[in-house]
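Trainee: Each chain is listed here by its residues.
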Amino acid sequence: MLVSLNWLEQYVNLGNDTPEALAEKITKTGIEVDAIHHVAQKSEGVVVGYVEDCYGHPNADKLNVCDVNVGEESLQIVCGAPNVAKGQKVAVALPGAVLPGNFKIKKTKLRGVESNGMICSLNELGIEEAYLPKGSEDGIFVFPDDVEVGQSITQYLNLDDVILEFDLTPNRSDALSMLGVAYEVAAILDEEVKLPLIELDESNEKATDYIDVDVQAKEDNPYYGAFMVKNITVKPSPLWMRNYLMAAGIRPINNVVDITNFVLLEYGQPLHAFDYDKFNAKQVLVRRATKDETINTLDDQERVLNEEHLVITNGEKPTAIAGVMGGSDSEVDESTTTVLLEAAYFEPKRVRRAVKDHQLRSESSARFEKGVDPNRVKEAGQRAASLLQTYANGQVLEGVSEFDQLDRSHKQVEFTSARVNARLGTSISDDQIGIILDKLGFTYQQDGENFVATIPTRRQDIVRFEDMLEEVARIYGYDQLDYTLPQGAQQAGGLTQKQSLKRYVKSYMEGAGLMEAITYSLTSEARSQQLVSPEVASVHPTPVRLSMPMSEEHSTLRLSALPEMLATLSYNSARKQQDLGFYELGSVFVSKELNVTKQPEEQTRLAAALTGQWLTHAWQQEVKKVDFFLIKGVLEGLFERLGVKATYKPVQMDGMHPGRTAQIYIDSVPVGFVGQIHPLTQKAYNLKETYVFDIDFDHLATVYDDVPRFEKIARYPSISRDVALVVDESVTAHDLIETIEQHAGHLLKSVHVFDQYQGDNLEDGKKSLAFNLLYLDPDRTLTDDEVEASYQAITEAVAKEHQASLRS
Amino acid sequence: MKEKLESLKQEALEQIDQAQTADDLQSVRVSYLGKKGPITEVLRGMGKLPAEERPVVGELANKVRQVIAEAIDEKKAIIEEKAINEQLEKESIDVTLPARPVHVGGPHLLTRMISEIEDLFIGMGFEVREGPEVETDYYNFEALNLPKDHPARDMQDSFYITEELLMRTHTSPVQARTMNAYKGNKPVKMICPGKVYRRDTDDATHSHQFMQVEGLYVDKNVRMSDLKGVLNQFAKQFFGEEREIRLRPSFFPFTEPSVEMDISCKVCQGEGCSVCKKTGWIEILGGGMVHPRVLEMAGYDPEIYSGFAFGMGPERIAMLKYGIDDIRHFYTNDRRFLKQYHQA
Ligand SMILES: [Zn+2]
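As they're listed, the protein sequences go chains A and B. The numbering of the first sequence is the numbering used here, which starts it at 1 and goes up by one. The numbering of the second sequence is the numbering used here, which starts it at 1 and goes up by one.
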């Protein structure tokens, strides 16, 4: 909503505040002023001039030479505008004037002819093109005859105006009108609102003789008033009205249209003027449209209607979509002489439906959608009729033809000052509350601390105590409230165990050298199917798609963060950052339904991706590419810290390297996978060798060892033995370790691989794996015999189970 | 005998003095103090001496042995020290050469912001709650006083999945869920951080996915001045003691009265500049007193209970705090951007 202060001043005394100070007060009281526009600051030295004579330039076809009377003297001015003519009153920038854009006017010669100033267009005077009256875009501006020659144009063109731009919240539709704003400002400044005077000089003919109103859709349209104005002259509206409309961002058209727009802005009540002759009926019939009925609207579009839409008809065909837009068939134009003026109340829901279905928002619908003031509908119609009488020479017929079942009752809100103070934490006196209600223009009854306030119908947002509370609070001033702390019983805040674990895991990942990434949950459907961990894929999740995505790129919920993370790696690599390690801890969305009807299961998963060199530019140090065992090390470090033991089994997965991918199990529950992405996937993402993992954090959070038990620090020395075993290539380290652990006895503390060898000195198809065995008894010193016995048991077992021989 | 011992001592001391290495010393030790050495020999031959001389010679021999051993130890220490010094000299480096980098990652800026906010509210007794990102229409809208035909639904163009399911447009549904879980008879004091989604085209100031942190406090006798006090405490801790706050009336369907909170502009100290659009204030968060309908729907009697709620956008706060010019930076994950905020 754009609010012209010059216009607002007509309804309420604005006092001496600067526009900035006034805007600050309005913002602090409840309506945010988003911007302050000064219409045109530099227009000094521009006056009204009278073109006494105008003839062609001797040396230029497109120029005219004009003699212009500017009050004290007559100036010769060369003018290029095609519409300049003898007898016009125009805006003349005198030599020395400075126009917007720091454009200085000087005496000059144009093609050999002296020119002492410039005849201006509105655009040149700093008025935005969008607001210029139709037809005046590329010519000089011509004043009506009643302006005085030699006077500054500032007052005539409202150039000293300041426009406040309101950012209205949806509850404050009352401020979609100048009068509504006037009430708000009056409450803030403690002033009275001056309502416009409506003076009607009605003729003897009755409106009802010309038009009947029949409303069939009574709930949708509880009030319809039809005013009749005859013998009007369509012409430009008065300058002051055009100025106000332009200030409000509405382009002036002609007096009839301008008057309906002016009253729409003044009262917040949209009106519609039909050309009575084109309307071509003595009856207005308001009804729901029939299926596939059509109307050509004012914007030259054919609209197909249905039973959900309310239409104004002439008994036969629709002439307007109620509250949204009129039809072109009955549009007012230069030849219109009789106007059928509609002032109605349309139900917000009905209007909203039409706006939604036709994607058609207008100044009218914006107001009907929120609900107009039922007590101002008819008055607005009368106001417009009186303006048509004054500014279109119209003859207003007596009365109004109407249908009226409109509820105009006022709501009442009961409250006590004690309750107000208890909720606000204030001690506002009963008297003070009375004063606040007076300022707001609310009538009330008071008995001590008990109040019954009657709410004006323009404030339909106020229905219960809390709404009243806000009114009192904002007029009292939010900045008057104390700073207090809650009085309720104190409780300890904190994170849940799982939330703390999240933080722990994140800091582990960062300590391990990875950066946290946050990628989009919405990805393409194709990507949503990539790199889905086997245990997630095993439930055959249905892609969860948005019903109306903005793009395919963000259309489907992810099942893993990896595809978007690979895109992130790709983005970075393309910018010469090839050595990358990212992780993300976030939700994925698993739906097991064939057609999604319920919320998908949201799993928190931990995903990571590494590519490039792990140690880069490390001085005096070997540079290493990331590899499988590095990313596995990141995982193992995490598992160790969580006190869980994972096992790894080779797995085949789409998009992953067939020989370098493992499924991860914790206590035989599959929790994720780790491996190198397939060279083709790498290529698709423009990446070099890239390793990833994706694991189920929720499962980890249920199995992790949250209270590590105290383990005695060994006081006795451990004994370490190495053993190198030669086995078939197909035997995995995991197989051997399992056997070793089963047969080593309780003294074996740990076993780990320290070497793998294939090649010289070994048969084809064989490999050697070297293990380090660590023996320990926390309570005593071990004997060599005990260790030897375990060692023998191990070698026998691996020989038997895996045909392993000792490497000599 | 005595003379022999004396001369052995002199001899040994001389050799010790001349010893250059640990090996030299070891051979001195072996030749004089070993089992076959001359001193042992003297002691062995003591049987031939008269009984009264034996203790005297024995004592002397032991003394000589002791003197030699001490001299060897002393010399050993000297030789070792010398060797260490030589070693150190060889080992000296140019300490101005570059370091070998330690490879450490770091958190995303938004995670840092959210943890910081969480910790401040935890300190004020709030718990942290989470909820689903795919929400039901009921929890996302209806339970928050936004029935199906409410005009304010215009304000949040949403990503629907079905008619009843959508990507949550705010984290407020977590508040409704928590109140429901607490069954209307227990105070609620919580914040809920998380991802939210709106049907916006991504540009410098809009992102279809972003973060929110919302807070809720419901108890008997919660006052609007409590909201002001808590937000003030948060703002001063988070943005700095010198910052002022200001509350302005606003509108949200789930609060009444509703507020918007501004903090004084740090750039211009409230004088007005381009960052604060010449107002001296910067909008930080919205909130208000929980709407009685919201309390009712969650099973809390608005005659007995009242509460306040607030919500803020970590991206917006981070953009203001660090002067970040484009919200898309948060989701592009450019390493150069992320790394800037790994600093302490
Ligand atoms: Zn500033």
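Keep in mind that the hints are not guaranteed to be accurate.
20 angstroms max Cα-Cα, derived SDA-like pairs, lysine to any residue [said to hold, decoys possible]:
no., chain 1, residue 1, chain 2, residue 2
1, B, LYS195, A, PRO348
2, A, LYS502, B, GLU242
3, A, LYS749, A, SER805
4, B, LYS277, A, GLU165
5, B, LYS4, B, GLU91
6, A, LYS282, A, PRO348
7, B, LYS148, A, PRO348
8, B, LYS220, A, TYR483
These aren't lab readings, by the way, just hints derived from the structure by calculation.
Trainee: Does each hint fit the structure? Answer for all of them.
Mentor: Hint-by-hint comparison with the structure:
no. : hint                : in the structure
1   : LYS195/B x PRO348/A : violated, 34 angstroms
2   : LYS502/A x GLU242/B : violated, 34 angstroms
3   : LYS749/A x SER805/A : violated, 23 angstroms
4   : LYS277/B x GLU165/A : holds, 14 angstroms
5   : LYS4/B x GLU91/B    : violated, 47 angstroms
6   : LYS282/A x PRO348/A : violated, 28 angstroms
7   : LYS148/B x PRO348/A : holds, 14 angstroms
8   : LYS220/B x TYR483/A : holds, 18 angstroms
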